[in-house]
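Chains as they are written, first to last, in numbering that gives the first Met the number 0: chain A, 0 to 138; chain B, 0 to 138; chain C, 0 to 138.
Treat the hints with care, since some could be wrong.
Simulated restraints, written as ranges between beta carbons of each label pair [claimed, not checked]:
1. Arg125/C with Glu29/A: 45 to 51 Å
2. Gly112/A with Thr6/C: 19 to 25 Å
3. Gly30/C with Glu138/A: 43 to 49 Å
4. Thr6/C with Asp22/A: 36 to 42 Å
5. Thr21/A with Gly30/C: 22 to 28 Å
Using 27 Å as the maximum straight-line C-alpha spacing, the simulated BS3-like pairs for lysine-lysine come out as follows [claimed, not checked]:
6. Lys5/B with Lys72/A
7. Lys5/A with Lys26/C
8. Lys12/B with Lys64/B
9. Lys72/C with Lys72/A
10. Lys64/C with Lys34/A
11. Lys32/B with Lys32/A
12. Lys34/B with Lys34/A
13. Lys32/B with Lys34/A
14. Lys34/C with Lys12/C
15. Lys64/C with Lys26/C
16. Lys32/A with Lys5/B
17. Lys5/B with Lys34/A
18. Lys34/B with Lys5/C
19. Lys72/C with Lys32/B
No lab work stands behind these hints: they were computed from the structure.
We put the CB at the ideal spot given by N, CA and C, even for glycine.
Okay, here's what each chain looks like letter by letter:
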Amino acid sequence: MSVITKTIQVKTKGEDDIIDITDQTSKGIEGSKMKNGVVTIFVSGSTAALTTIEYEPGLLSDFPKMLERVAPKNIDYGHEKLWHDGNGHSHVRASLVGPSLTVPFCNGQMMLGTWQQIVLLELDTRSRERNLVLQILGE
Amino acid sequence: MSVITKTIQVKTKGEDDIIDITDQTSKGIEGSKMKNGVVTIFVSGSTAALTTIEYEPGLLSDFPKMLERVAPKNIDYGHEKLWHDGNGHSHVRASLVGPSLTVPFCNGQMMLGTWQQIVLLELDTRSRERNLVLQILGE
Amino acid sequence: MSVITKTIQVKTKGEDDIIDITDQTSKGIEGSKMKNGVVTIFVSGSTAALTTIEYEPGLLSDFPKMLERVAPKNIDYGHEKLWHDGNGHSHVRASLVGPSLTVPFCNGQMMLGTWQQIVLLELDTRSRERNLVLQILGE
Numbered sequence: 000m001s002v003i004t005k006t007i008q009v010k011t012k013g014e015d016d017i018i019d020i021t022d023q024t025s026k027g028i029e030g031s032k033m034k035n036g037v038v039t040i041f042v043s044g045s046t047a048a049l050t051t052i053e054y055e056p057g058l059l060s061d062f063p064k065m066l067e068r069v070a071p072k073n074i075d076y077g078h079e080k081l082w083h084d085g086n087g088h089s090h091v092r093a094s095l096v097g098p099s100l101t102v103p104f105c106n107g108q109m110m111l112g113t114w115q116q117i118v119l120l121e122l123d124t125r126s127r128e129r130n131l132v133l134q135i136l137g138e
Numbered sequence: 000m001s002v003i004t005k006t007i008q009v010k011t012k013g014e015d016d017i018i019d020i021t022d023q024t025s026k027g028i029e030g031s032k033m034k035n036g037v038v039t040i041f042v043s044g045s046t047a048a049l050t051t052i053e054y055e056p057g058l059l060s061d062f063p064k065m066l067e068r069v070a071p072k073n074i075d076y077g078h079e080k081l082w083h084d085g086n087g088h089s090h091v092r093a094s095l096v097g098p099s100l101t102v103p104f105c106n107g108q109m110m111l112g113t114w115q116q117i118v119l120l121e122l123d124t125r126s127r128e129r130n131l132v133l134q135i136l137g138e
Numbered sequence: 000m001s002v003i004t005k006t007i008q009v010k011t012k013g014e015d016d017i018i019d020i021t022d023q024t025s026k027g028i029e030g031s032k033m034k035n036g037v038v039t040i041f042v043s044g045s046t047a048a049l050t051t052i053e054y055e056p057g058l059l060s061d062f063p064k065m066l067e068r069v070a071p072k073n074i075d076y077g078h079e080k081l082w083h084d085g086n087g088h089s090h091v092r093a094s095l096v097g098p099s100l101t102v103p104f105c106n107g108q109m110m111l112g113t114w115q116q117i118v119l120l121e122l123d124t125r126s127r128e129r130n131l132v133l134q135i136l137g138e
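So that you can see chain A by itself, here it is in the shape it has in the complex:
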């Protein structure tokens, strides 16, 4: 067994941008030459998150609407007292969804469903350059 680290850079368009990173993750595993193991995908930063979703336009609007119900933009956030940058809701949403996702792979293929893609959620209020780490453990 060994560990191989790959990185992915993603330029996001701003709030509620949801980017499919499945292909880049698959290429990382392919490049590792490993057949069986897990990949941990991690986003550095506290206003972005990772999950899986069926990547189609309806859900790409449905999911942010759910986040707006649980952490609305236009309410007061204590975070504003520190930074005044209007992204308190972004932080709360990111902490709820989480920055880390671990996916098993077998015979070089991730065990995703046909309609299940890995996505980066941009939750900050502006375009960002996001750095993701793929930590691949296996053999």
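Following the hints, put chains B and C in place on chain A, whose structure we already have.
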């Protein structure tokens, strides 16, 4: 160190069915003969999720009620425009809770609390055959 | 590659206490002498959870307010019928956020953002002694 893959098949009863998979996961670890490591449990598909909960009837109804507050069934979902199968809320809930759970084990035992069970959440609107992967890394 | 287990004990102050465990996690990795791998942090128990957040006072109040919106304290919980200990909302919140977090490290350093700390969320209604496991896999 090595990697061993086990699979679990679960037939769910439909929406809001919550299935305790702790025993099957424990048996997978036992079968691997490993003593120390982690198991990553992953559900293929975008309308199911994994977490831990105290497995008792009260919470098995409390948890879906929370999901109904954050992603109600009877509101409009963009997802309906694609499939018309009435499970937009199922997708949103699954992406929020997440498809992956990693649990450490030591001396062959998962480090769960006494009142903490590993569960599969069926969030789709009908009975499904679910395929779970246990990816066990350790020694 | 190998596996090393470390434990962290944390005495929490009660509901909505959020404890920064980044330094203790870093020390665990340092003590393992590993340079590259992943650490899985896991909290035993069903009324606590783990995530990352920018650790500043505003967000430490904003995040519990979000949890109060999705799982309010003062509504009925089926869980009360079993235990009568007034923490149904604690369980629901803990299952939503989740008990496990996996973070990659490279050159001995976790790949966290500058403003991103690892936190234990105490969601129970009273002070607790929490036992966390750090399962470190790497080389």
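Evaluated hints:
Between Arg125/C and Glu29/A the CB atoms are about 50 Å apart, so this pair conforms to the stated range of 45 to 51 Å. Hint check: Gly112/A to Thr6/C, Cβ distance near 36 Å, so the stated range 19 to 25 Å is violated. Take Gly30/C and Glu138/A: their Cβ atoms lie about 26 Å apart, and the range 43 to 49 Å is violated. Separated by about 39 Å at the C-beta atoms, Thr6/C and Asp22/A satisfy the suggested range of 36 to 42 Å.
For Thr21/A paired with Gly30/C, a C-beta distance near 36 Å fails the hint of 22 to 28 Å. With a CA separation close to 43 Å, the supplied pair Lys5/B and Lys72/A exceeds the 27 Å bound. Restraint check for Lys5/A and Lys26/C: the C-alpha separation of about 24 Å stays at or below 27 Å, so the hint holds. About 18 Å separates the Cα atoms of Lys12/B and Lys64/B, which keeps this hinted pair within 27 Å; it holds.
At most 27 Å may separate the alpha-carbon atoms for a hinted pair to count; Lys72/C and Lys72/A meet this at roughly 23 Å. Annotation: proposed proximity of Lys64/C to Lys34/A is violated, straight-line Cα distance about 44 Å (limit 27 Å). Between Lys32/B and Lys32/A the alpha-carbon distance is near 26 Å, which keeps this suggested pair within the 27 Å criterion. For the hint pairing Lys34/B with Lys34/A, the CA-to-CA distance comes to about 23 Å; that is within 27 Å, so the pair holds.
For the proposed pair Lys32/B and Lys34/A, the alpha carbon gap of about 21 Å is at most 27 Å, so the pair holds. The hinted pair formed by Lys34/C and Lys12/C fails the criterion: a straight-line CA distance of about 34 Å is larger than 27 Å. The straight-line distance between the Cα atoms of Lys64/C and Lys26/C is roughly 31 Å, outside the 27 Å bound, and the hint therefore fails. Between the alpha carbons of Lys32/A and Lys5/B the distance comes to roughly 21 Å, so the proposed pair stays at or under 27 Å and holds.
Between Lys5/B and Lys34/A the alpha-carbon distance is near 15 Å, which keeps this suggested pair within the 27 Å criterion. Under the criterion of a C-alpha separation no larger than 27 Å, the hint pairing Lys34/B with Lys5/C is consistent with the structure, at around 15 Å. For the proposed pair Lys72/C and Lys32/B, the alpha carbon gap of about 44 Å is over 27 Å, so the pair is violated.
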